[in-house]
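Student: Sequence:
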Amino acid sequence: HELLAAHSVPSSGTLTVRYVATKGAAIGGLVSGQSYTLHYLDAARIQLYPVGTTTPVAISGTPGVNDVSVLQQNINIAPDTVYYAQVDSNQTIRLATSPANVAAGTFVTVAALESALGTTHGLFTPSVTTDFTSTIDTLTTGDDSLTFTKGHSFSTGDKVLYTASGTAIGSLTNGSYYEVVVIDPTTIQLRAVGGSSIIDLSGSLSGTNQLTYQVPLSKTVYPNAIRFDDARVIQGDRVLYSKDPSTASSIGLVDGTIYRVVRPSSTHIQLVEKYADASSVSGNAILFANPHGFVNGEKVVYSYVPSGTFGRVLVDAYAIVDSSTQIRLSATSGSSTAMTLPTSRIDMLPYVRTPLISLVGSGLDGSHSITKMTIANNDPVKYTSVPGCV
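Residue numbering for the sequence shown follows the numbering used here, starting at 6 and increasing by one per position.
Bear in mind the hints are in silico, worked out from the structure with no lab data behind them. Incorrect hints may have been included.
[Stated by the list, open to error] Have a look at the derived ranges for each label pair, beta carbon to beta carbon:
#: 1; residue 1: V259; residue 2: R350; range: 33 to 41 Å
#: 2; residue 1: R237; residue 2: G212; range: 25 to 33 Å
#: 3; residue 1: G29; residue 2: S103; range: 35 to 43 Å
#: 4; residue 1: V70; residue 2: T114; range: 34 to 42 Å
[As the list claims (entries may be wrong)] Cut-off 16 Å, straight-line C-alpha distance, at most; resulting in silico cross-link-like pairs (EDC-like, lysine to aspartate or glutamate):
#: 5; residue 1: K28; residue 2: D93
#: 6; residue 1: K279; residue 2: D235
#: 7; residue 1: K377; residue 2: D234
#: 8; residue 1: K155; residue 2: D136
#: 9; residue 1: K279; residue 2: D242
#: 10; residue 1: K224; residue 2: D242
#: 11; residue 1: K304; residue 2: E278
#: 12; residue 1: K377; residue 2: D242
#: 13; residue 1: K155; residue 2: D189
#: 14; residue 1: K28; residue 2: D242
#: 15; residue 1: K164; residue 2: D136
#: 16; residue 1: K28; residue 2: D47
#: 17; residue 1: K279; residue 2: E303
#: 18; residue 1: K224; residue 2: D142
#: 19; residue 1: K377; residue 2: D235
#: 20; residue 1: K155; residue 2: D142
#: 21; residue 1: K377; residue 2: E278
#: 22; residue 1: K377; residue 2: D260
Ideal placement from N, C-alpha and C gives every residue a C-beta, glycine not left out.
With these hints in hand, go ahead and build the complete structure from the sequences.
Tutor: Here it is, written out as structure tokens:
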């Protein structure tokens with residue numbers, strides 16, 4: 006198959022690549038997602054061999070105008086797979102397939118040549134902090150493990166409260182505390198608080214069995230938050246959420262949907278459906294410079310900073326819509342009686358948003374992405390041009 010541009014593949018050495026049809030149909034003879042051994046012919050031509058064979062793939066057909074295919078260098082690290090990091094410096098890490106392998110010094114061998122074929126490789130940490138209570142879906146007594154189908158957000162050493170609505174799991178006591186030992190993003194084991202031995206579980210699941218994370222006094226945990234370090238995304242921004250449906254389970258968000266950002270810390274974001282910064286407050290009325298998007302009776306959260314303080318206060322309320330740029334708030338659903346708004350700092354204006362979207366799972370079992378939107382659907386835009394030379 007002849008390439009349209011020089012491919013930068015080294016002319017010597019063995020290179021294993023992964024073929025992916027990223028859009029449209031795959032090239033005839035190739036299977037998207039499969040690895041091949043690449044053979045160099047010249048600066049514009051290569052051949053692909055099924056791994057372990059000596060006969061090249063017979064390429065057929067012509068890619069359509071909407072077909073896009075790529076070759077990714079296989080560096081012996083599988084996409085969308087959880088590994089455990091050993092940090093050697095601020096620029097170097099090694100990867101292991103389990104915490105035990107990190108402790109034993111058994112790391113994955115990265116099989117990379119100098120040429121990366123233009124592939125960008127990335128690593129990310131566990132992303133989603135779900136509600137503090139998670140329901141156990143499966144008990145496996147063979148290895149004393151507990152499984153959460155949609156994933157969990159626990160870390161090894163976390164203290165949890167175990168509760169059971171029916172018969173408790175054998176060796177566990179309803180209303181007692183345990184420590185978590187993480188096996189993978191969907192599976193954990195338990196040990197006694199301060200202990201080291203895995204608890205030998207028995208019996209079967211009866212009723213609803215749950216583990217509730219106990220937040221240490223020294224730790225701030227943001228429920229329904231996504232770990233997100235990009236400082237370019239700020240409070241109120243619009244972001245587009247997308248995922249690979251073939252590999253990613255639901256984390257409570259809808260693929261292809263635009264959300265608004267709440268920024269509880271520099272390392273986390275929370276998402277809401279609607280958000281609007283107030284331009285001013287007059288009596289019981291909250292005014293906005295642009296249409297707020299709320300509907301009458303909609304549940305909202307009013308955030309303000311009391312006079313003489315710096316900390317924000319959140320008030321649950323319901324919207325009374327006066328116009329597209331003005332609302333008042335009621336304390337109960339369906340009421341037309343407006344609340345008396347507390348006095349807030351005029352240099353730190355309030356904002357109004359819908360409740361936080363509830364998240365589930367860990368976000369590690371597939372490709373999830375959040376992209377800042379500069380222009381979204383239905384945005385008013387104005388075209389300008391700068392005269393240039395002909």
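Student: With reference to the structure, classify each hint as holding or not holding.
Tutor: Going down the list of hints, with the structure as the test:
Separated by about 36 Å at the C-beta atoms, V259 and R350 satisfy the suggested range of 33 to 41 Å. At about 46 Å, the beta-carbon gap between R237 and G212 misses the expected band of 25 to 33 Å. Take G29 and S103: their Cβ atoms lie about 38 Å apart, and the range 35 to 43 Å holds. A hinted range of 34 to 42 Å for the beta carbons of V70 and T114 is consistent with their spacing of about 40 Å.
Under the criterion of a C-alpha separation no larger than 16 Å, the hint pairing K28 with D93 is inconsistent with the structure, at around 38 Å. Between K279 and D235 the CA atoms are separated by roughly 21 Å; this puts the pair beyond 16 Å, and the hint is violated. For the hint linking K377 to D234, the alpha-carbon distance of about 13 Å falls within 16 Å, and the restraint holds. In summary, the hint linking K155 to D136 is supported, as the alpha carbons are separated by about 13 Å, within the 16 Å threshold.
Among the hinted pairs, K279 with D242 is consistent with the structure: their alpha-carbon atoms are about 11 Å apart, no more than 16 Å. Using a Cα cut-off of 16 Å, the hinted pair K224 and D242 is violated, with the two alpha carbons roughly 27 Å apart. Simply put, K304 and E278 have alpha-carbon atoms about 12 Å apart, close enough for the 16 Å limit, and the pair holds. As the CA atoms of K377 and D242 are separated by approximately 7 Å, the hinted pair is consistent with the 16 Å bound.
Between K155 and D189, the direct Cα distance comes to roughly 12 Å. Compliance with the 16 Å bound is thereby established for this hinted pair. Only pairs whose Cα atoms come within 16 Å are accepted, and K28 paired with D242 is rejected, the gap being roughly 29 Å. Only pairs whose Cα atoms come within 16 Å are accepted, and K164 paired with D136 is accepted, the gap being roughly 15 Å. Distance check on the hinted pair: K28 and D47 sit about 27 Å apart at the alpha-carbon level, beyond 16 Å; violated.
Annotation: proposed proximity of K279 to E303 holds, straight-line Cα distance about 11 Å (limit 16 Å). The straight-line distance between the Cα atoms of K224 and D142 is roughly 28 Å, outside the 16 Å bound, and the hint therefore fails. For the suggested pair K377 and D235, the alpha carbons sit about 10 Å apart, so the restraint of at most 16 Å is met. For the suggested pair K155 and D142, the alpha carbons sit about 9 Å apart, so the restraint of at most 16 Å is met.
Proximity of K377 to E278 is assessed by CA-CA distance (about 15 Å); at most 16 Å being required, the pair is judged to hold. Distance check on the hinted pair: K377 and D260 sit about 15 Å apart at the alpha-carbon level, within 16 Å; holds.
Violated hints, listed in ascending order, are 2, 5, 6, 10, 14, 16, 18; each of the other numbered hints is respected by the structure.
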